[in-house]
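Peer 1: Assemble chain B onto chain A, guided by the hints.
There are 2 protein chains.
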Amino acid sequence: MTPGPGVHRTPLPKGFLASGVNCGVRRYRPDIGILISEIPAVTAGVFTQNECKAAPVRYCQNLLPAENIRAIFTNSGQANAATGAEGIEKNMMMVSAAAKNLGCETSQILVASTGVIGVQLDTDKILPAIPELVQRANDSAESFATAILTTDLVPKTVTDTVELSGGTVRITGISKGSGMIHPNMATMLGYLLTDAKVTKTYAAELVKKVSDVSFNMISVDGDSSTNDCCFLMANGASGIEVKTDTDLKKFEAAVERVAIFLAKSIAADGEGATKLIEVEIKGADDLALAKRAARGVTLSPLIKTAIHGEDPNWGRILARLGAEQVPERQLEQMSLYLQGILIFEKGQPVVFSKDEVKVLLKQVLVKIEVDLKSGPYSAVAWGCDLSRKYVDINTEYS
Amino acid sequence: MTPGPGVHRTPLPKGFLASGVNCGVRRYRPDIGILISEIPAVTAGVFTQNECKAAPVRYCQNLLPAENIRAIFTNSGQANAATGAEGIEKNMMMVSAAAKNLGCETSQILVASTGVIGVQLDTDKILPAIPELVQRANDSAESFATAILTTDLVPKTVTDTVELSGGTVRITGISKGSGMIHPNMATMLGYLLTDAKVTKTYAAELVKKVSDVSFNMISVDGDSSTNDCCFLMANGASGIEVKTDTDLKKFEAAVERVAIFLAKSIAADGEGATKLIEVEIKGADDLALAKRAARGVTLSPLIKTAIHGEDPNWGRILARLGAEQVPERQLEQMSLYLQGILIFEKGQPVVFSKDEVKVLLKQVLVKIEVDLKSGPYSAVAWGCDLSRKYVDINTEYS
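Quick mapping for you: the protein sequence lines, in order, are chains A and B. When you number the first sequence by my numbering, it's gap-free, plus one each residue, and the end is 398. When you number the second sequence by my numbering, it's gap-free, plus one each residue, and the end is 398.
The set of hints was computed from the structure by calculation and includes no laboratory data. Computed from a prediction, not measured in an experiment: that's the story for all the values here. It is possible that some hints are incorrect.
Heads up, the list lumps identical chains together, so a pair's fine if it works in one copy or across two of them.
Said to hold, decoys possible - Calculated cross-link-like contacts (lysine to any residue; reagent style SDA-like; alpha-carbon spacing at most 20 Å):
| hint | residue 1 | residue 2 |
| --- | --- | --- |
| 1 | K282 | E142 |
| 2 | K373 | L287 |
| 3 | K200 | F47 |
| 4 | K389 | E310 |
| 5 | K197 | E105 |
| 6 | K346 | Q120 |
| 7 | K362 | N101 |
| 8 | K362 | T244 |
| 9 | K362 | E396 |
| 10 | K358 | Q49 |
| 11 | K358 | E396 |
In isolation and in its complexed conformation, chain A is listed as follows (with noise of 0.2 Å):
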């Protein structure tokens, strides 16, 4: 996997554009974008559970999944949620404009957004910009990836190919965070773009089993954004499709390789954040108890702090497990390690060296792993310590 962009460049699967400008929201940074397939693509998306849903993400899940998918339409700086009528009216205005201009019907046309929640779009400044978002469209995912930042502070991009029965097939993946994130007011996007073949049906279970151990896996903030989507857009332009059972599973693990990339990528990139957290839960004899228990760690404020502090707090870990109702007899048999180190087994605090530990602690990557040694479910998730940046940040957002 080659990660931009850096001195990278991503290159799009075949028969994808991308594109991003600025349109005058934002001051200087681009703020508009747009994903092109040359061809109609085979698309399906997964959204929000919330129920303050964005009125691009109401669209938008009518929409999908579908077969002629010709664009995803996207706008930084304004969510374009809790915005009522004229929200809807603003939002179908953007679809013309790029329908219009890629010559294609309203229905073929996607729109994601994010920003600040409960302002009106800015159609005024949007829509005039449309023709030369177009025109400028290219074979690389960093125009578009840098469009729709808001607080993250590097573009997600990430490319891959995958050797099928029938030929080469490449897969991009182009997301954002960076704040309400357990996959939200920055928001959390993702695109998951492929010129391999694929049935409708297929498109939208795999964007789905993917987003859970991905997305669905990691957690700056535990606020669940009005405006979370993550779309799959498979246009066949390769001319290879995705058929035998050995494809299948080469072709899912590459999609899960490129969603999970990205996932960690925003956690990593978390509003304020220095350190990325990873915490494994292993032995599970329930695997939405291993889910909740791996996102609950991720999610304690106390534990994000120790973490930034680089500080082997580990009883706070403890805690959380047993608040997210991991049962008391598993607490009592399970093994804690903090960057590889044991620290806790059968119950008890082992001697461990703290020097040591803090040490370990500096790495940017830091690895909470346990043992529930009761059953053979697991679940990986992802989140980033807690630092006076976050506050910062979001004491001055609106």
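Peer 2: For chain B alone, kept in the frame of chain A given last:
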């Protein structure tokens, strides 16, 4: 109600004594305390739902409710949680020492502990100090209230009287916060003392009922402690029984008032807090939803930081209500008030003076009111803002 301490002195109900001294676990601050009833008291308690329960919590749960309790011993600085068999043994050593000094049975002594999880109790320091602790007992709450503090800035005491058919009884409340509060490491402890005469069954019902609308409706950080407990001790020393229906109503209202006063004091003194946030959800068609939504708003770091910044970024409130599964239809008909100013109604933002609201947000008490216009249920929850100071305190705790 007379809050203490400051220039006030918080009198205890008849037949109660309190004490707090330094035994050396902490450098100078009082770190062990005891509440004594001169005669056996009816006592009930509610305890943390966390599966990782501290040794003293399990010990008290086994004993309560009871009719013959003489004292609650409490130590601060060490939580005696995640301490295995050694923790259970050290808890019993403290029980025995207290019983010996009071001349009663060990089964008449309760224990609460608060502090760092996963370190063994310093009984070498605690046990020799117990005789002095008992000798110094007097009839006001201050010394005990101070000895149980951890990251709290102020002791939390309150005392009130209520006129019953047979005469006047007194109710005194003492509690502590101020982190791992979602009724957590600092740990919430609550003590409700009265000289009224009540039955064991009634005491058990009452402590559960009042905790549900007070301590169980506060959150500082969303982390549930291993050590939370709230006790109600009624020694009947006033000779006055709670008997008529009017008595029951008056008494319950008074105990609830005391518990809510303490709960709000804990939230207001949350780690790093500068503001008390009160969230009221009205017009809900389901009590559980109203409670979850109210608590959800107090939990959101995005809302907590916005309030810290005195920023009327109300979109975050709407997003959290949606994330707590307040149905879309209700979100579209609800009214949202911030410091009494209408901000959002009928699914659309209201034009309001941002400057006026900013000025109102400078107050220490910030009120968020939501009317869902769907049913008769309401709930109130309390929390606090999230500041850089919170991060500093918890980066350096252990």
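Peer 1: As a check of your reading, is K362 near E396 (CA-CA no more than 20 Å) within one copy, between copies, both or neither?
Peer 2: Between copies, since 15 Å is at most 20 Å while 29 Å is not.
Peer 1: Between K362 and N101, at a C-alpha cutoff of 20 Å, which is it: within one copy, between copies, both, or neither?
Peer 2: For K362 and N101, the Cα distance exceeds 20 Å both inside one copy (51 Å) and across copies (49 Å).
Peer 1: Given a CA cutoff of 20 Å, do K358 and Q49 count as a within-copy pair, a between-copy pair, both, or neither?
Peer 2: neither (39 Å within a copy, 31 Å between copies)
Peer 1: My question is about K282 and E142: at a cut-off of 20 Å on alpha-carbon distance, are they close within one copy, between copies, both, or neither?
Peer 2: neither (37 Å within a copy, 47 Å between copies)
Peer 1: Between the shortest in-copy and the shortest cross-copy C-alpha distance, which are at most 20 Å for K197 and E105: within, between, both, or neither?
Peer 2: neither (22 Å within a copy, 78 Å between copies)
Peer 1: How do K373 and L287 come out at 20 Å by Cα distance, when the copy is not named: within, between, both, or neither?
Peer 2: within (13 Å within a copy, 38 Å between copies)
Peer 1: Between K362 and T244, at a C-alpha cutoff of 20 Å, which is it: within one copy, between copies, both, or neither?
Peer 2: neither (46 Å within a copy, 64 Å between copies)
Peer 1: With identical chains, the pair K358 and E396 could be close in the same copy or across copies; at 20 Å between alpha carbons, which is it: within, between, both, or neither?
Peer 2: between (32 Å within a copy, 13 Å between copies)
Peer 1: Using 20 Å as the alpha-carbon threshold, which applies to K346 and Q120: within, between, both, or neither?
Peer 2: Only across copies: K346 and Q120 sit 15 Å apart there, 56 Å inside one copy, limit 20 Å.
Peer 1: Checking an output row: K200 and F47, CA cutoff 20 Å. Within, between, both or neither?
Peer 2: Within one copy, since 17 Å is at most 20 Å while 51 Å is not.
Peer 1: Have a look at K389 and E310 and pick one of within, between, both or neither, based on CA distance no larger than 20 Å.
Peer 2: For K389 and E310, both the intra-copy (16 Å) and inter-copy (17 Å) Cα distances are at most 20 Å.
Checked against the numbered hints given earlier, this structure breaks hints 1, 5, 7, 8, 10; the rest are met.
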